[in-house]
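One-letter residues, chain by chain:
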Amino acid sequence: MISPPASSAARIADRGYQHYDGVRVGSIGIFWAMLRAALARGLGLRRPHSAKIMPMLLIHIPNIVVFVNVANAIAQPNTVTLQEFWDYAGQPFPVIAMLFAAVVGPDLFCADRREHVLSLYFASPITRLQYAVARAAALAILLLTLTLLPMLQLFVGHALLATSAADYVRGNLPLLGHAVLAGVLEALLFASVASAVSSLSDRKVNAGGTFAGIMLVSLTVGDLIATNVKFTSHEKFILVDLMGVGMRTARWILGTTPWEGQSGALSQDVFAVSGWAYLGVSLLVTAVAAAILIVRYQRMRDV
Amino acid sequence: MVLDSPSFSCQNTGVIVQQRLDVPTHPQPQHVVQTRDLCKRFGQIQALSHASVGIGTGCTGLLGPNGAGKSTFIRLLLGLLQPDSGEAVVAGLSASDDPLALRAMIGYMPEHDCLPKDAKAQDFVRYMGELHGLPRRIAVQRANDTLYHVGLGEERFRPIGGFSTGMKQRVKLAQALVHDPKVLLLDEPTNGLDPAGRNEMLEIIQRIAHQMGIHVLLSSHLLADIERVADSVVIINAGRVVVQGTLSDLMTASSIVSVRTQASPVALARAVQARGIEVEIGATELQITYDSPAVYDAIRDAAVETGSSLTYLKRRVRSLEDVYLMGSATPAATASTQS
Amino acid sequence: MTADMRGGDRTDQLDRPDRTEQTGLPEDSPSLPPTIEALNVSKWYGDKVAVSDVSFAIRPGVTALLGPNGAGKSTILKLLTGQLAPSRGSVRVLGQPVRHNPALYQVIGLVPEHDSIYPFLTVLEFVKLAADLHRVRRSREVALEALATVDLLDVQHRKLRACSKGMRQRVKVAQSLVNDPQVLFLDEPLAGADPAQRLALMDVFTRLGETGCTVFISSHILNEVERIGSNVIVIVNGKLAAEGDFHAIRALMDDRPIKVSVQCSETRALAARLVQLCGTSAVQIEGDTLLVETKSTLEFHRALPLAAQQAGARLTGIEGLDEDLESVFRYLVE
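Residue numbers (the working numbering), protein chains in the order written: chain A, 432 to 734; chain B, 29 to 367; chain C, 13 to 346.
Extracted from the complex, chain A is given alone in its bound form:
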């Protein structure tokens, strides 16, 4: 064999399996990874296009509404105030948010159970609580883009159109606060209830339908009884309306009033109900639903 020239330098690199002795992130980092993955899943990212349709559609509808309103405000200034707009045209926003929760909530919870991916999660260094909270929190964050973001966009739009933006903001701070508070309460309530319902049913369609059903029935029954069916304390039934309880809490805390142009008792939106009751119902329902979600996941066997 010919011996290689003395000056040659060659090596064969080791492409075999490498061990990893580097940094490993702790619980918080892992929770953050789960949250990111849940957010991506909720938006239908990294999945076939069919998974993106519903979430994207639902998210963009309020944007269109905002655009139309701001364009209108530019074209015909002072026709409708922001407050009026919210009370009238802003009604659909919670409904859209609720639909989003009905579509995305079950997708975040039921799919993992049906495909048995949950067994891999539970064999990872996470607790069941972390899993449930990460998924529900992702849903809440995504819902904020529907319950809160459009309101903020509208507010900023109108502020910029006003003669003095700073004055507008200072003068309408309660409105801004109302937007934030109502938006957050709604997002938390919807996320919590949707997650709880999704934890109880393995089929996405059943869970979504049940959640939407609960919310719409509560809206219909609550409003109907509170406004039309007259018996003692019938007005208290407005508390059954889960879709509106967040908005009504915000109104009570910030003193914002409904638009006089609306007709009927709803325009007054003045029911013989203490403001604390609204706040209480909002927080109670959110907490109970969260508890159901957590208990269900802690007790789950045979994943």
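One thing to keep in mind: the hints can contain errors.
As the list claims (entries may be wrong) - Far from chain B by the CB rule (all over 10 Å, computed), these chain A residues: (1) A554; (2) T641; (3) I645.
To be verified - One-sided excerpt, in silico: chain B residues whose CB lies under 10 Å from chain C: (4) C67; (5) S80; (6) G82; (7) P93; (8) L108; (9) L221; (10) Q290; (11) P293; (12) L338; (13) K342; (14) R343; (15) L348; (16) L353.
Source of the hints: derived by calculation from the structure; they are not laboratory data.
All of these numbers come straight from a predicted model, not from anything done at the bench.
Ideal Cβ placement from N, Cα and C applies to all residues, glycine included.
Given chain A's structure and the hints, the job is docking chains B and C onto it.
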């Protein structure tokens, strides 16, 4: 492992347990998984009873009848169940005290389907890496490498829903390996694979256990798989560990040499007997009593003398099947009613 | 070493005249009429050809259907049981066409691979139901007998949803036996069974084969198939690759020398002598073992003792390495 019950033998060798283990075993330094007196009951059923097991380097096979407690054992090791008593320690971490840190050290390949349809293989394995504590960039890199090591090429960028069984099993294996676990728990890894796929999977497992320095626990119903890749076995029956030891110790050589020849074996048998060795003529082969290596020479010379061919010659060892059936026949095992 | 050693097209081998002759009936077959006959069967779905011009004849006893995943085995099984109609060709079971033939279903048993049970029934109820559907008299006794065969008598009153996968598989085998079938189709019947259950079931199938039933098993676990019977049908890429006793199939592969492992002392001395035999094509030395490739098996085995004696080598092990079913299958698929 020293046991003072009369039917066993010495330290550190394979033993066949015929009675209850009363004496707890001492943790051996090379045992990365050590359980001591693990007990778990579900309602009326005692799923696991005083299971004391030591799992060391290389590949350990986990065997047992359906319903005997194997999956309970695995779940206890993963910290998914809490034992009623006893403890399980993996890589120095206790399953009861540090279940989270312990799970970060273990890779688990479940038997059942557990892969999301929509996700791409690379994305999914990367995410599993992140779930086990890998920083994102490292997880991407390791997912890439691990999928390569298990034999998935370009397919890793396609959704898992379109994969064949063999590819799905590889993805399952990759997600268990991506975070560089100390212990790999494989549950029926060759399920659904055709002969070629099974062969490749077993080769990968061999490499993992013997070249990558990862301790492998292989749970399987296929004795041939275990014989091929495992160095030791643990057999669980009716909630108890009935057999534990290395294959080389358990599959003891017997005192019989099997010999086959092409034509009638009678002449060969006589020639061997003439040399003072006992021969039994069986249906397909001769069974020659072995008492010293000289027997081999006698067989060879007898074959030359009679002009016989030798098509097969082997000293019989106890097969894993024999070991398993003996383990299943313990008094505690009324296996059919369990499963 | 990766597994991309699967070669290219091997149809050139299969098209050689002497090969295609051999895929007919072996000369020494008993003169029993075939119970299952497939004649030029093809099945395609649009552009995809699942099965292409497959012909074979199966007689009573145990026959195994083997092939890589995706080769068309499950399609063939469905064609043989009448669940699918062939695009071309014919399938006959017990001399009759199998499609839409309820009378034939009375004498056929089928154990499908995937769950097809009613979870709310008990073990006994399910098997008895199968017996009733076949209009078997004294269905309860027959059901109990079938359960005894598969060792499930102790759990006869357990609901199927509470049964493990291995138990469900045995229940399916039991229900296939209630009508005392003449032909039994089994698709991975041992899935989920533990080692003892596997041995018991294999025993059941062997005995059934011996009593004249035609047992047709599709399985991937070749070392188990080997124990039940030697007769195989191998499908590769939708086509028939081989048919018959796998030992005979191996003997036909004359382009592949037999590999024998010889454990001995004095390896090099013995190797030198073995190389001198005409049939030997290669000798590899690995530690105390010689791996010999030879084209003439018998001559080798006959010459081995003398060669060892002359070399002063002690023979401690002699074993053929590639004559088992796994090796034969691997060669057929490559």
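Checklist entry - Regarding the hint that G82 of chain B lies at the interface with chain C, is the smallest CB-CB distance below 10 Å? => result It is violated, given that the least Cβ distance between G82 of chain B and chain C is near 23 Å, above 10 Å.
Checklist entry - Given Q290 of chain B as an interface hint, is the shortest Cβ-Cβ distance to chain C below 10 Å? => result It holds, given that the least Cβ distance between Q290 of chain B and chain C is near 6 Å, below 10 Å.
Item to check | Minimum beta-carbon distance criterion (10 Å), L221 of chain B to chain C | outcome: holds (7 Å)
Item to check | Cut-off 10 Å, beta-carbon criterion: hint that P293 of chain B touches chain C | outcome: violated (13 Å)
Next on the checklist: Please verify that the nearest CB of chain B lies beyond 10 Å from I645 of chain A's CB.
Outcome noted: holds (28 Å)
Item to check | Residue hint S80 of chain B, partner chain C, criterion CB-CB below 10 Å | outcome: This interface hint is violated because 22 Å lies over the 10 Å limit.
Checklist entry - Does P93 of chain B pass the interface check with chain C, least Cβ-Cβ distance below 10 Å? => result holds (4 Å)
Next on the checklist: Next item in the hint list is L338 of chain B. Is there a CB on chain C closer than 10 Å to its CB?
Outcome noted: Interface hint status for L338 of chain B: holds (5 Å vs cutoff 10 Å).
Checklist entry - With 10 Å as the cut and Cβ atoms as the points, is K342 of chain B at the interface with chain C? => result holds (5 Å)
Checklist entry - Does L108 of chain B pass the interface check with chain C, least Cβ-Cβ distance below 10 Å? => result violated (19 Å)
Item to check | Supplied contact hint for L353 of chain B, tested at 10 Å Cβ to chain C | outcome: At about 7 Å, which falls below the 10 Å cut-off, the nearest Cβ of chain C leaves the hint on L353 of chain B intact, so it holds.
Item to check | Distal placement of A554 of chain A relative to chain B, Cβ over 10 Å | outcome: About 4 Å separates A554 of chain A from the closest Cβ of chain B, which leaves it inside 10 Å; violated.
Hint compliance for this structure: hints 1, 4, 5, 6, 8 and 11 are not met, and every other hint is.
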